[in-house]
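On the provided structure of chain S, position chain L as indicated by the hints.
If you're matching them up, the sequences are chains S and L in order. For the first sequence, numbering that gives the first Met the number 0 assigns the number 0 to the initial residue and increments by one for each residue that follows. For the second sequence, numbering that gives the first Met the number 0 assigns the number 0 to the initial residue and increments by one for each residue that follows.
These aren't lab readings, by the way, just hints derived from the structure by calculation. Note that the coordinates shown come from a computational prediction; the quantities given were computed from them, not determined experimentally. Accuracy of the hints is not assured; some may be wrong.
[Unchecked claim] Between beta-carbon pairs, the in silico distance windows are:
no.	chain 1	residue 1	chain 2	residue 2	range
1	L	241	S	272	55 to 61 Å
2	L	294	S	385	36 to 42 Å
3	L	307	S	192	35 to 41 Å
4	S	229	L	6	27 to 33 Å
5	L	150	S	272	55 to 61 Å
6	S	22	L	15	57 to 63 Å
7	S	188	L	30	54 to 60 Å
[Said to hold, decoys possible] Facing chain S, from chain L, some residues (calculated, C-beta under 8 Å):
no.	residue
8	80
9	82
10	98
11	217
12	218
13	324
Yeah, the Cβ is synthetic: ideal placement off N, Cα and C, and Gly gets one too.
Below are the chains, spelled out letter by letter.
There are 2 protein chains.
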Amino acid sequence: MTAPLPAAPERGFAEAELVQRTQRAQALMREAGFDLLLLTTEPEVRYFSGFLTPFWQSPTRPWFLLVPRAGKPVAVIPEIGGACMARTWLDDIRTWPAPRPDDDGVSLLTEAIRELAGDAATVGLPMGHESHLRMPLADFQRLRERLPGLDVADATPLVRRLRMVKSDAEVAKIAHVATLVSDAFDQAPRLFRVGMPLVEAFRAFKTACLGLGVDDVPYLVGGAGPGGYDDIISPPGERPLADGDVLMLDTGCTFDGYFCDFDRNFAIGDTSDAARRAYDTLYRATEAGLAAVRPGAACREVHRAMRAVLEADGGATGNVGRFGHGLGMQLTEWPSHAAFDTTVIEPGMVLTLEPAMAYGDGRMMVHEENLVVRDDGPELLTRRAPRALPRIG
Amino acid sequence: MTAPLPAAPERGFAEAELVQRTQRAQALMREAGFDLLLLTTEPEVRYFSGFLTPFWQSPTRPWFLLVPRAGKPVAVIPEIGGACMARTWLDDIRTWPAPRPDDDGVSLLTEAIRELAGDAATVGLPMGHESHLRMPLADFQRLRERLPGLDVADATPLVRRLRMVKSDAEVAKIAHVATLVSDAFDQAPRLFRVGMPLVEAFRAFKTACLGLGVDDVPYLVGGAGPGGYDDIISPPGERPLADGDVLMLDTGCTFDGYFCDFDRNFAIGDTSDAARRAYDTLYRATEAGLAAVRPGAACREVHRAMRAVLEADGGATGNVGRFGHGLGMQLTEWPSHAAFDTTVIEPGMVLTLEPAMAYGDGRMMVHEENLVVRDDGPELLTRRAPRALPRIG
Numbered sequence: 000m001t002a003p004l005p006a007a008p009e010r011g012f013a014e015a016e017l018v019q020r021t022q023r024a025q026a027l028m029r030e031a032g033f034d035l036l037l038l039t040t041e042p043e044v045r046y047f048s049g050f051l052t053p054f055w056q057s058p059t060r061p062w063f064l065l066v067p068r069a070g071k072p073v074a075v076i077p078e079i080g081g082a083c084m085a086r087t088w089l090d091d092i093r094t095w096p097a098p099r100p101d102d103d104g105v106s107l108l109t110e111a112i113r114e115l116a117g118d119a120a121t122v123g124l125p126m127g128h129e130s131h132l133r134m135p136l137a138d139f140q141r142l143r144e145r146l147p148g149l150d151v152a153d154a155t156p157l158v159r160r161l162r163m164v165k166s167d168a169e170v171a172k173i174a175h176v177a178t179l180v181s182d183a184f185d186q187a188p189r190l191f192r193v194g195m196p197l198v199e200a201f202r203a204f205k206t207a208c209l210g211l212g213v214d215d216v217p218y219l220v221g222g223a224g225p226g227g228y229d230d231i232i233s234p235p236g237e238r239p240l241a242d243g244d245v246l247m248l249d250t251g252c253t254f255d256g257y258f259c260d261f262d263r264n265f266a267i268g269d270t271s272d273a274a275r276r277a278y279d280t281l282y283r284a285t286e287a288g289l290a291a292v293r294p295g296a297a298c299r300e301v302h303r304a305m306r307a308v309l310e311a312d313g314g315a316t317g318n319v320g321r322f323g324h325g326l327g328m329q330l331t332e333w334p335s336h337a338a339f340d341t342t343v344i345e346p347g348m349v350l351t352l353e354p355a356m357a358y359g360d361g362r363m364m365v366h367e368e369n370l371v372v373r374d375d376g377p378e379l380l381t382r383r384a385p386r387a388l389p390r391i392g
Numbered sequence: 000m001t002a003p004l005p006a007a008p009e010r011g012f013a014e015a016e017l018v019q020r021t022q023r024a025q026a027l028m029r030e031a032g033f034d035l036l037l038l039t040t041e042p043e044v045r046y047f048s049g050f051l052t053p054f055w056q057s058p059t060r061p062w063f064l065l066v067p068r069a070g071k072p073v074a075v076i077p078e079i080g081g082a083c084m085a086r087t088w089l090d091d092i093r094t095w096p097a098p099r100p101d102d103d104g105v106s107l108l109t110e111a112i113r114e115l116a117g118d119a120a121t122v123g124l125p126m127g128h129e130s131h132l133r134m135p136l137a138d139f140q141r142l143r144e145r146l147p148g149l150d151v152a153d154a155t156p157l158v159r160r161l162r163m164v165k166s167d168a169e170v171a172k173i174a175h176v177a178t179l180v181s182d183a184f185d186q187a188p189r190l191f192r193v194g195m196p197l198v199e200a201f202r203a204f205k206t207a208c209l210g211l212g213v214d215d216v217p218y219l220v221g222g223a224g225p226g227g228y229d230d231i232i233s234p235p236g237e238r239p240l241a242d243g244d245v246l247m248l249d250t251g252c253t254f255d256g257y258f259c260d261f262d263r264n265f266a267i268g269d270t271s272d273a274a275r276r277a278y279d280t281l282y283r284a285t286e287a288g289l290a291a292v293r294p295g296a297a298c299r300e301v302h303r304a305m306r307a308v309l310e311a312d313g314g315a316t317g318n319v320g321r322f323g324h325g326l327g328m329q330l331t332e333w334p335s336h337a338a339f340d341t342t343v344i345e346p347g348m349v350l351t352l353e354p355a356m357a358y359g360d361g362r363m364m365v366h367e368e369n370l371v372v373r374d375d376g377p378e379l380l381t382r383r384a385p386r387a388l389p390r391i392g
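If we strip away everything but chain S, and leave its shape as in the complex, we get (with noise of 0.2 Å):
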């Protein structure tokens, strides 16, 4: 790898950055009548106190971030992490030498809630659609016992509306790493040739995905067969590509800690005229959905515009539930392109439009591009796919 690697943004985020994430947060904390938030997951951790590491793969500790109403968030984590905190905007770092099983920060977390809410506060907790409690559910219920007094209400709304818009810095970061995965997309016919086991062509889009600047690759995958695929979520095996397949590759690399999160087409040789008019319709779906996308629509609208292409066209619309989603700090966030989703659209979301359709014989496809939602509409920030399936070799 020669070639000088495209400018990137500065990593990382500006103190006053962080400092307007926790404000408007305790603006909506008032609003909903919230003590405190507690937060136990990587990108709620990370959204407000800027703290970025891979560790979080390990399930062993726990981690905590509490948002008072006024001043700084206050960290209630393990030993392990707090150099790398300390480094934050962050002054109130409480650590636990974890793991400590028999209590393992559960009565720092309890003296922390008290001393900054009380012991009957109202602590808002994401509960909701697409959030999970990262900490053993029996120390959680060790955490209630020992603060009966506490009212836990649901803050996934908050949360929610507070990181569905992106700021400048985090456009261009997402913007960053989708620019570097088009230009990895586009190394595709040097990448990518019959004969080659998939999981080695998996490995091959991987290697350039790093050498274009990409930070990790944790999220690939994809299929290939005969006229198209039939599953879009499983790991590759070791059936070489064959003349005739539709061979597509989803994946959601990182720059800085945020995910680009879109796929490609590519027909190995000739492969079916069903395969190339799913393409066809999944194309003008997509070109449906950006007419579809602007501030003030509802996402299902958004939805309901590139169902109308497919069922047009008689294609039946897959099993993926959505036809695309909110991606930011994670490959998927809220909202969702879906009938049942009426989050009216707002400048700075970014979002992925994923129409995806079944066809012929147990087959599918899936298309997707990746936007910033701009005063004025969509803008792109995937290179558009190309109007007819690519045909390599």
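Below, chain L without anything else, positioned relative to chain S:
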């Protein structure tokens, strides 16, 4: 990359192994008085079904696996996973069109629990140390409300007991990836050089690991600094490697969903005597750990053996909280080499030895090997680190 990749073990598991895991769980369920196991996290679902997908990266959809007292596990999963799950040995796969926030599998799960175990069953759910519940907490509360007669008990000891002892097929996967990463570390003199920003050193290492045949590099942390590093969980920065640095990389790479987890230290040119002494202490502490690992010994004895070397050398023991742990489907698993852990070591356990120490002016050093326990003691899966701090440049 033109050299042939080392022969890899077969992917996946024989059905007989999945049957045996399930039957062993069912025997332990009878002992514990559980009518059903409810599993929500990736390693647990995979352990019993063989279901492997990176799709868990997306936090949007919950997945459930139920292990009844007899017969095959039952999957209650999003439609998008149906095709992939149908390739496993399971027969009973129930899907819903997720995401569906107002009923994201809760009704289907309620019905399945009722059908398999009745309204007043005792359900084992991992709730203890190193576990979490991977579904929205509000949905879990809804489930409890729908099935008020359910007794939910902690299944952590059961899952832990099963997963801690690895099968030959599991060990082969870990051994393979540990060998590949040992090969990658052997390339260090070609990969790293003075003037290279740490982030580029990480990129070069990840690319080397992929080139040698690992599937993914989900975890890479490390540090570099004059005479040592002070933090082992931060992502790499732009600071160039300099003469006199100690460089450390600690990686969890995967093959077929199984991790290795070890690190290596390098001196960039001349570094401090203190760093060389710390390395020597940690090398000898690891030797003491290797001597202490044998079937019948407790993890805390292994910890004590390593600690004794550090203390004899006057080293502070750092902030990692333990001197190693189990590994397998996760980067870190039970048990812990720590004073609190009385787990008795058994043949088939795959463990790290990971003594850490603080030295000098806020510096720390870690040293890590991976091993499998055999009848007569430990068998290293990693190529043992050099006896003295290796020098680059």
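Hints versus structure:
With their beta carbons about 60 Å apart, residue 241 of chain L and residue 272 of chain S fall inside the hinted range of 55 to 61 Å. At about 60 Å, the CB distance of residue 294 of chain L to residue 385 of chain S disagrees with the hint of 36 to 42 Å. Our hint of 35 to 41 Å for residue 307 of chain L and residue 192 of chain S is violated, since their Cβ atoms are close to 57 Å apart. For the hinted restraint 27 to 33 Å between residue 229 of chain S and residue 6 of chain L, the CB-CB distance of approximately 29 Å keeps it satisfied.
Between residue 150 of chain L and residue 272 of chain S the beta carbon distance is about 58 Å. The supplied range of 55 to 61 Å therefore holds. Taking the beta carbon of each, residue 22 of chain S and residue 15 of chain L are about 59 Å apart, inside 57 to 63 Å as hinted. As the Cβ distance of residue 188 of chain S to residue 30 of chain L is approximately 59 Å, the hint placing it in 54 to 60 Å holds. Interface restraint check for residue 80 of chain L: the shortest CB-CB distance to chain S comes to about 6 Å, inside 8 Å, so the restraint holds.
Interface hint status for residue 82 of chain L: upheld, as the beta-carbon distance to the closest one in chain S is roughly 4 Å, under 8 Å. Look at residue 98 of chain L: its Cβ gets to within about 5 Å of chain S, closer than 8 Å, so that hint holds up. Below 8 Å, beta-carbon pairs count as interface contacts, and residue 217 of chain L has one with chain S at about 6 Å; its hint therefore holds. A hinted interface residue such as residue 218 of chain L counts as satisfied when its beta carbon comes closer than 8 Å to some beta carbon of chain S; here the least separation is about 5 Å, so the hint holds.
With a cut of 8 Å, the hint placing residue 324 of chain L at the interface with chain S holds, because the nearest CB-to-CB distance is about 7 Å.
Of the hints listed earlier, those the structure fails to meet are numbers 2, 3, in rising order.
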